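A.B. asks: Using the sequences plus the hints, can you model the full thing?
Protein chains: 4
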Amino acid sequence: MSGSTFNTFFKITTWGESHGKALGVVIDGCPAGLPLSVEDIQVYLDRRKPGQSRLSTPRKEDDAVEILSGTFEGRTTGTPISLLVRNTSQRSGDYSEIASYYRPGHADYTFDRKYGFRDYRGGGRSSGRETIGRVAAGAVAAKLLKELGIGILTYTKAIGPVTADMGAFQKEAIASTPTCMPDYGASRKAEEYLAACMENRDSAGGVIECRINGVPAGLGEPVFEKLDANLAKAVMSIGAVKAFEIGDGCLVSTANGSANNDCFTAAADGTITKKTNHAGGILGGISDGSEIVLRAYVKPTPSIFTEQETVNTAGENIRIQIKGRHDPIIVPRAVVVVEAMAALTLADAMIANMSSRVSYLKDFYSRGQ
Amino acid sequence: MSGSTFNTFFKITTWGESHGKALGVVIDGCPAGLPLSVEDIQVYLDRRKPGQSRLSTPRKEDDAVEILSGTFEGRTTGTPISLLVRNTSQRSGDYSEIASYYRPGHADYTFDRKYGFRDYRGGGRSSGRETIGRVAAGAVAAKLLKELGIGILTYTKAIGPVTADMGAFQKEAIASTPTCMPDYGASRKAEEYLAACMENRDSAGGVIECRINGVPAGLGEPVFEKLDANLAKAVMSIGAVKAFEIGDGCLVSTANGSANNDCFTAAADGTITKKTNHAGGILGGISDGSEIVLRAYVKPTPSIFTEQETVNTAGENIRIQIKGRHDPIIVPRAVVVVEAMAALTLADAMIANMSSRVSYLKDFYSRGQ
Amino acid sequence: MSGSTFNTFFKITTWGESHGKALGVVIDGCPAGLPLSVEDIQVYLDRRKPGQSRLSTPRKEDDAVEILSGTFEGRTTGTPISLLVRNTSQRSGDYSEIASYYRPGHADYTFDRKYGFRDYRGGGRSSGRETIGRVAAGAVAAKLLKELGIGILTYTKAIGPVTADMGAFQKEAIASTPTCMPDYGASRKAEEYLAACMENRDSAGGVIECRINGVPAGLGEPVFEKLDANLAKAVMSIGAVKAFEIGDGCLVSTANGSANNDCFTAAADGTITKKTNHAGGILGGISDGSEIVLRAYVKPTPSIFTEQETVNTAGENIRIQIKGRHDPIIVPRAVVVVEAMAALTLADAMIANMSSRVSYLKDFYSRGQ
Amino acid sequence: MSGSTFNTFFKITTWGESHGKALGVVIDGCPAGLPLSVEDIQVYLDRRKPGQSRLSTPRKEDDAVEILSGTFEGRTTGTPISLLVRNTSQRSGDYSEIASYYRPGHADYTFDRKYGFRDYRGGGRSSGRETIGRVAAGAVAAKLLKELGIGILTYTKAIGPVTADMGAFQKEAIASTPTCMPDYGASRKAEEYLAACMENRDSAGGVIECRINGVPAGLGEPVFEKLDANLAKAVMSIGAVKAFEIGDGCLVSTANGSANNDCFTAAADGTITKKTNHAGGILGGISDGSEIVLRAYVKPTPSIFTEQETVNTAGENIRIQIKGRHDPIIVPRAVVVVEAMAALTLADAMIANMSSRVSYLKDFYSRGQ
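The listed protein sequences derive, respectively, from chains A, B, C and D.
Start counting the first sequence at 6; every next residue gets the next number (the numbering used here).
Start counting the second sequence at 6; every next residue gets the next number (the numbering used here).
Start counting the third sequence at 6; every next residue gets the next number (the numbering used here).
Start counting the fourth sequence at 6; every next residue gets the next number (the numbering used here).
Everything labelled a hint here was simulated from the structure, so no lab data went into it.
Check before you lean on any hint, since a few could be wrong.
In this list, chains with the same sequence are indistinguishable; a pair is considered to hold if it fits within one copy or across any two.
[Stated by the list, open to error] Below 27 Å or equal to it, Euclidean Cα-Cα: the simulated DSSO-like pairs (lysine-lysine) are:
id: 1; residue 1: Lys-280; residue 2: Lys-26
id: 2; residue 1: Lys-280; residue 2: Lys-328
id: 3; residue 1: Lys-54; residue 2: Lys-26
These numbers were taken from a predicted model, which means no experiment stands behind them.
C.D. replies: Pasting the structure below:
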């Protein structure tokens, strides 16, 4: 079966292994006429690059993207956009040991069971480098959304026990802290916490929050293609994400209806809004025009330097100590991945919604395109 | 666009409105030769029926299912299975008032914005009755899984502030308590809590947990069709679910890698298992052979009897008081819906996995089917 | 796997066996606001009914359709439209003999090989009655297309050696002749030919032509979702169709480029048309605004009353003589099936095309739906 | 919308323009463990290369393929296989003139109408070079099929008025004649015919036949995913194909049932075969175990050197004379494209069929993969 294609309309197919020749993505279904340059994409890829602070590995990964098809004279043509990133700094030698055993918390064992063998170099297809394709495609989706008035803001909400204070929210902190937290104070505390984790040869998890603004009401389809269901799949498909929330999320389970319901209110000009947004911008699976708020809970980096028990491919119980370069936390580099997946999901929903009424088709075709 | 189809192989399409003539589902892709009777399906539908305790409405809904196609001499034929449930006890008069305004917490507003109008009778397609198709199809999926050695156990983990004690777990309590909790003591407390909610003209939320046993290693596809991503979409597509967890879920964000990693261990016979199961049975999106554990966080019933502010379809701010019959909690009736969605997702993954190796195809076709 | 779903946007799923309880279709993705009545659908179903002339069987099949969901106050709601036709006149006794052997030209053998057994009553799912779902859904698609200015005309082009003379084309002949030929003279000759076939206990084939008018330029997607490729699949999926042509079809293989190319010409008002239409209205897989012309070549009814050799389910060579009621020709009843499949394909293409340019999305969302 | 993805399981997505940086394909869903080398693919690509005889253009196109992902130690890993062919010999200068007008028989006009503008260099995405992705993927599918005992033979059946004589069939002629005809005598006559066409500044069409052997009975799904319907779509999606036949094809329309039906017969060992094969190997949309025979009717090259009337992008009527290098016939280079599309379709059907019976799933999972 095939698991590397996402979306129905703004359809993407990613490919590539950690230590193969290259990684990339094909976007099939991007509407024609979108201005698109290498820079538009590179800026997103740079956000997931390692080596930007002491929280991430000292590897140098250029991850320079090339647009191979689908644009002409600076605009998308409506045909598939093929994006490619060559692997340049991967050293296979670093990883040869893991060929012989199953790292706890990794997909080594499950890939072997599924496929009979695996590309063990750096995790192969299950490596975090797989997200390069997602982020490159997400950059294109985000550009399309921006043209349509939709903006996405994604940041680290928490690292281990340290949670950003929304009262101290500063947007510029997201890009300027190594944690991607929007709160300088919390970021410093989180950095200390991570330093302690590293000292203990351990790792930490955290929470990523994503807020989407400018979404028109009406996106999402009833029943199975609910907007929140598709966002959940999008975000849960990112390796290391173990929980997904929309709006108040888990907290709804202990709330009462009177507190959880968002009352509608009409302004003098007839505009209808909600007085609160416990629902996170989606009602009955369809966007209600308010901000969409979602969260992803990310597990600690499974590659830790403490000794661990495991089994080798010969079926023997062994003790291992992982070497190499590994970030003590996945969260800061995953922020842009969550944003990319949200952008891709929204782009699809924007297209799907265009045919919800017969009158829309009549208007469209009567204009004589 | 179309949002009422789920799965790729064991594909289902549900249809029907709360107060239409009937509701149903077409299952396209169920393998041939599965023994299937009306009773197999009815027992699942009966689990979502109201009127079974004072926690649910006194409405009598027979929800008798009819198999219209796809079986012959008691077995599935491999062709589409059409299941139908006639609406018998719906009284449109009860609901006419809601045509004129947008109920907080409901999809009235978003349906109007998307489609220009809506079938307002009982919520139309956004009603909880929509789940009849899911549950009927889920019963067939569960029967298939049972033939393949997979069992699913689903129950209420928490209602409002009351959480079941896994130490006091008693399987038979799930079916015999009105809460579907596996802990008689917690169930009694939850009933008291709900009685208080009702007294306050309010409602409550809760948590549903689902455990899947007997799952072979290897299910799920890398990247976008990860087994947990598909389970997330399946469960988040159920109305009122606002958060989804796999394994330790949200807790991973505060755990360290050394505590979160599950070590592998090999038994004398070479069987490999994990010593713990923080991952909830899935690594890298692929089942690892241990129990799959997931949770759904369900919001309080939005139809409450306290006065609420909202807007009517004329765009005026009004105050409303919802009438009629409404459960103070969605959770107990949603337990079987979560189970159905999990079963459907697993059935699809079981089929998808059959072609993961060339050797599987060679074995299959060399046997000369 | 599942083979009973067609289209991506205007998605249909058919179900039902010849001698089961009922047959039907679920349409998921019909835009909201389309006026739709039982009569709109029944008039299409009546065109495929037998018993209307001596060319078809004397069976009385009411095939009365019921709309079970998806409409409210006479208009589609955007949610799935479930259509049901009860089987009323099927007598299982007529068909019990065919349980024991494989009829030449039928799917008895291949169903047994695929599924291990089959619903042998009247061919089960491989019966021509399977087309009831297609035609019912096609009626809804045709209604949508009509709202958008698209009309479809389908008729019998040839029966055995008798071909309709396009010079003698009379539209009203299509509905008023038992052959559905648009030429009264040819129809009479074809009837004589068929009478001779029946006398010989034999059957005949023929050609169906479909012409689609009012199609805007731009429908169809490059490469695999070419409009002609999708029309080919749609039409070739009808049982008994063995060849498909678009425009000049097979004749292009012996034509020269200078004769086959259609020159463009601009009218004084700037309208661009083609001087000829060898291409049948599609260039590079995309509609060019001229009439779409396609043809289906239909095999003779495989159920003939002459003695035939075959094999029984015990693997013995036997001679059989088919009994019962069988039309000497499939073509006249298949005319509306071809039309339905063409309408469904066009409806999907009309929706798909709406997102081909970024400017279309900007226009759409700036209007504030 | 997206039109560059084909198949459901052995899913391919092609990309690339005639004069862009590169063309390629991503194969997602190829089972793990298939031995695969660059040479396996290059040999197929070489069959579609021009410059191999005086019938094709003197351009030198290396079309050297690179495998970027999805293999490890010479075998497929089950993850996406990304194949890339750099464009090396395209000179944009050759084509700049066609930016200003619509070539008859080409997709210039329809692309402009659909997308608002087009990559006019060499036809962009509508160029014949688009088939590079199909052929590269088809080579992988063919390799998989070969492992499963399926072989495909494809050749030119006719060029203009010259038809190969199946009595004079010689397999080696297919590769050794410039026409790809399996009959040396006919090939010489066809070459003479084409020489005359070139002298007349004209072009010719022809017929491609494809025969598939070793196909097990049971492939294809009833109703819409019939094997012949999918083959029709596959082949009709190739630019320039205007008609598709299976088995006797168009001829069935004039045949009688007694002549068209294929009688079954059982050998002493119980093997069931058909005495004839008018059906072309498919009954009721499902393979019957005999040879699958299909034909594609290909139009003459639209780029001819005679003067033609057309319209320019300013909407003026003009006369044009196409320059550059253009083959007088498409057929010989399209032979391998038809073969590739057939192989891809079969690969998908082989996978889809594995889940047709519950007993297959039970067998599979009881073996403990």
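A.B. asks: For every hint, state whether the structure bears it out.
C.D. replies: Here's how the hints hold up against the structure:
1. In this homomeric assembly, Lys-280 and Lys-26 never come within 27 Å of each other (Cα to Cα): the closest approach is 52 Å inside a single copy and 36 Å across copies.
2. Only between protomers do Lys-280 and Lys-328 lie at most 27 Å apart by alpha-carbon distance; the minimum there is 23 Å, versus 53 Å within a single protomer.
3. Proximity of Lys-54 and Lys-26 under a CA criterion of 27 Å is satisfied in both settings, with 18 Å inside one chain copy and 26 Å between copies.
In summary, the one numbered hint that this structure violates is 1.
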